[in-house]
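J.: Take the given structure of chain A and dock chain B to it, following the hints.
Chain by chain, the residues:
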Amino acid sequence: MSLLDYFKSSKPSSAAIAKERLQILVAHERASRNQPSYLPQLKKELLEVIQKYFKVSEETIMVSLEQDDERETLELNITLPDEEHFKHLQPKPLRSRR
Amino acid sequence: MARIIVVTSGKGGVGKTTTSAAVAMGLAKRGFKTAVIDFDVGLRNLDLILGCERRVVYDFVNVINQEATLNQALIRDKRCSDLYILPASQTRDKDALTQEGVATVLEELSREFKYIICDSPAGIERGAHLAMYFADDAFIVTNPEVSSVRDSDRMLGILSSKSRRAEIGEEPIHEFLLLSRYSPERVKSGEMLSVNDVQEILSVPLLGVIPESKSVLNASNSGNPVILDEQSDAGQAYQDIVARYLGENRPQRFIEVEKKGLFGKLFRGK
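Just so you know, the sequences run in chain order A and B.
Counting the first sequence from 1 gives a position; our numbering is that position plus 39.
Counting the second sequence from 1 gives a position; our numbering is that position plus 34.
So that you can see chain A by itself, here it is in the shape it has in the complex (with noise of 0.2 Å):
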């Protein structure tokens, strides 16, 4: 039993990818559900501006609007890169070494 168990698990079951890839989806489609319209098209235009000056991919940027009974605040998050991508415009500096 515990040897056939242990052949079952090299592989997970398509169930249990089902579950992980709906748990992702989900989570993301309810984060978005309240959000404006607009929200989509700010952070493609926004990205696009980041990206003339750093090499940044779109996981990298995070808006979100959040609203409270006071305020409504826009939240940008964007993760810099590593400081060699700061040069990408710049010749790129020779990575090997002797």
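Source of the hints: derived by calculation from the structure; they are not laboratory data.
Quantities reported herein were computed from a predicted structural model and do not represent experimental measurements.
Idealized CB from N, CA, C, for every residue including glycine.
Worth double-checking, as some hints may not be accurate.
To give an idea of the chain A side of the interface with chain B (calculated C-beta under 7 Å), a few residues [stated by the list, open to error]:
no.: 1; residue: S52
no.: 2; residue: S53
no.: 3; residue: I56
no.: 4; residue: K58
no.: 5; residue: Q62
no.: 6; residue: V65
no.: 7; residue: A66
no.: 8; residue: A70
no.: 9; residue: R72
Derived coverage of chain B by chain A (criterion: at least 3 residues anywhere in the stretch with Cβ under 8 Å from a Cβ of chain A; other residues may be distant) [unchecked claim]:
no.: 10; segment: 183 to 189
no.: 11; segment: 221 to 232
Taking lysine-lysine pairs in the DSS-like style, the calculated list, with each CA pair at most 30 Å apart, reads [unchecked claim]:
no.: 12; chain 1: A; residue 1: K94; chain 2: A; residue 2: K82
no.: 13; chain 1: B; residue 1: K112; chain 2: B; residue 2: K148
no.: 14; chain 1: A; residue 1: K50; chain 2: B; residue 2: K196
no.: 15; chain 1: B; residue 1: K63; chain 2: B; residue 2: K112
no.: 16; chain 1: B; residue 1: K148; chain 2: B; residue 2: K196
no.: 17; chain 1: A; residue 1: K94; chain 2: A; residue 2: K83
no.: 18; chain 1: B; residue 1: K63; chain 2: B; residue 2: K148
no.: 19; chain 1: A; residue 1: K82; chain 2: B; residue 2: K196
no.: 20; chain 1: A; residue 1: K83; chain 2: B; residue 2: K196
no.: 21; chain 1: B; residue 1: K67; chain 2: B; residue 2: K148
no.: 22; chain 1: B; residue 1: K112; chain 2: B; residue 2: K248
no.: 23; chain 1: B; residue 1: K222; chain 2: A; residue 2: K50
T.: Just chain B now, kept in the frame of chain A:
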């Protein structure tokens, strides 16, 4: 004052109409005067599942447009005198339903009936929106399958933000999960999302599990709601669901793989 129940899912083909017919019949059989309304204008099928397709004269849209009275349009079930069906229009387009019109019909029905079941069309357009808008309770019919679960979650979002109760800040719609076409064997072998998986993702209280069953097709073939097939697993599942909805305590069934004896194995196959 009637209790308004919407049977909804987002996705099509998961068992909304089967559930509407079964639950309506179940409630009526217990002596509650029940009306069941088909909101699927242009694609009506509730009449067919309930076996009254040849008795349709007037429909929901006729009543809204005041071309017929509600009493002229309601079809009384021949098996159960407490069950009435309001069929959808087959010829009009789906914009024929108006919020004021639906409100008027529901108000009139509320005076006479104990339960009003709104059979929602698939999707999130006008018909589906109006089916859920005035609801007190929502039955979310879901299959253990990724697209159905996702669409159910979307529908839950709509229920909590776009319904009448949400808009006027009343107590939110009571949501209940009905997991249909469930196959414990496939869950056991890891091929199908389990009832716990689906509940964990949707976080809605479970009203019942309806097993994948041949009796559902047999029931729709003959126009008898499956709940009347008392021998069948699906029929019993719906009886449990009605009982639980009415507050009775019935343990969940059809979740575990049925243990078969030697004879069962030999003669019923897999």
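J.: Against the earlier hints, flag every one the structure doesn't satisfy and list their numbers going up.
T.: 3, 7, 8, 14
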